[in-house]
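Residue strings, one per chain:
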Amino acid sequence: MRAQPIEWRKALALMKRDMNTWSSYKMQMAIAIMGAILGFASWGFNASYRNVNVTLYSFQSTPVATVSYLSFIVTGILVSNVVLSLTSGLTSGLRPWMLESILMTGIRPSTFVLGTVAWSYFLSVVFFVPQLLIGVFFFNVNLSVNYLSFFLAVLISGIIVFGLSMASVGMRLVTKVTDPVNWVLGISMTLLSGQTFPIQFLNTYFPGIIYVSWCLPYTWIFDIVRLSTLTNASVLVPSVAEAYLVSLAFAAILVPSGLYVFMWGLRRAKKQGTLGWW
Amino acid sequence: MELKTLEETDQSGSESAAAVKVIELTKVFTGRTRKFTRSPGKFLRSLVVGDPWRTEALSTVSFSVDHGEVFGLLGPNGSGKTTLIKILSNLIIPDSGAAFVEGINVARRPYAAAEKIQTVLSESIGLEKRLSIKDNLMLFASLYNLPRAEAEEKVARYLDFFGLSKFADKSSQSMSTGMSRKLTVCRVLLSHASVIVFDEPTSGLDPVSAEDFRRLILQDLVKRENKTIIMATHNLVEATSMCTHIALLNQGKLLTVGTPDEVKKTVEDRVDLAITLSGGNVPLESIRGELTMVDGVHVVETIDAHGTKKVTVSGRKDLDYMRVLSVISAAGFKVQSLETSSPSLEDAFLRLTKEGRS
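Sequences listed follow chains A and B, in order. In this text, residue positions in the first sequence follow our numbering: the first is 1, and each later residue adds one. In this text, residue positions in the second sequence follow our numbering: the first is 1, and each later residue adds one.
There is no bait here: all hints are sound.
Listed next, the stretches of chain B that the computed footprint assigns to chain A, with coverage defined by at least 3 CB atoms under 8 Å from CB atoms of chain A:
1) 78-91
2) 127-137
3) 141-155
What the hints contain is simulated information worked out from the structure, not anything from laboratory work. Cβ atoms here follow ideal geometry from the backbone N, Cα and C, with glycine treated the same way.
With these hints in hand, go ahead and build the complete structure from the sequences.
This is how it looks when you write it as structure tokens:
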């Protein structure tokens, strides 16, 4: 498989297309903004009502820090909103009536995928800010941010999501309506990755399943984001660096794997003659 | 022919003389369909396993297109025209054989080939419906890697040329079919492609718009922009009037390639006699059988209504004319007029596709 350099200008053009399309549906735009804020607020009330503390554990099951459940869930929901942009980006970005015209231009696969999910990802990051402000000022979430660690966490998470996006687009070119990659990851995120409860709690019901959780990329995304935003963890500390290195390893595996799955899906759709089908 | 061999041909550059060359392209589509049946067992089996189907879309098709040509792909529905076009555009991968555009193997070097060929497909106009006309063109200008200034200049120029400037800020979904077609041409012209492919370019257009569009292809794309055009059509008049060469396809097989005149010549041994009669001792229909028995005659049709009596005899060019006339006069008919007609492209099309089926 040859190297696939990203053509940034083309990716930006696709992102701009999606931005213009999104903003042309005024009602959808208004509902999306309100939904993001109100949906987030409902989780905030939920967590405030429970008012308990949660212990964060490392991979070796060593306690790292104790934070409020409110802080735990707010970061979980914020991150999952960003990650879920992958799904919404694919749903809105892969337009069957344009797919063949765009691929005919000779766009590189990595550019095509990046351009397809970029607007959704960007939008979710934009929504992240007011949601974070609501969390801090309305629900009194205690943040303790290490900015370098946070920056790296966002970067690595973005790369992981990009790799998964490529795999997801590749599957969707074959399966058309939905794809198992996205479904499995979506389910595993809510069930096994510690989005709304610590993964250690799963051991109460299924002893040993926590090891499955640590094999999932989203578990590590939640872990490094929480470490960097709730515990002021520095990447220079070996135990923290370890979590970042594992996340980086996931990114290093998922990007080429995602590209491989995309190329497989594209080739299969071309073989079957179903590229423009939906 | 193995792909490896074709790759070597591509690298040697020996295919570069032709704008487009396809060598032994073969494509078979297979799949499974699901049918509703009253039998629960059969229905369940169909739902889970499906019933297999197989379509040979292209079978060892080879031809080449020279620079500056208007090359017609002619054939009935399901003949393989769109499959061939999609292979040229790298939207379908062939099972065997290869397609070259300007000497570039489309399957092996898709990004380089994409710079040489652009296609307007018939089933979708390939534009973003919520964007304005100008925004759509600017999007594709970016995808074609045009610098911003060049993109702005080209978009303005083509919109002006096609009379679309005043609609530039209108949504592309508000356009008529004719305007959408023009817009798709604008889109492909933004690229630096030297080969432009149209799939059914005038389908859905009214006669005036269709004529405008044909003029646009011939005068603007071929003469002014020096493009090579490949167009799939089943409009025979269009193919005769526009194409320098025609490839006739049927059921995935290439029946013939040549100029429209050369294709017509494939049925030149055939003649149609239109004979107008008067008088007659018997009903006209009664001599039909005897005429069919005349050496060289293939088909006889008669019209006997409202005082008009006509016989149309189709057959070999060397059919026994004297015997035909003697059968007619023996029945008491007088010949008022007799016209022979040479075969048209439509005759060639019908005959060759019928022979292909049989």
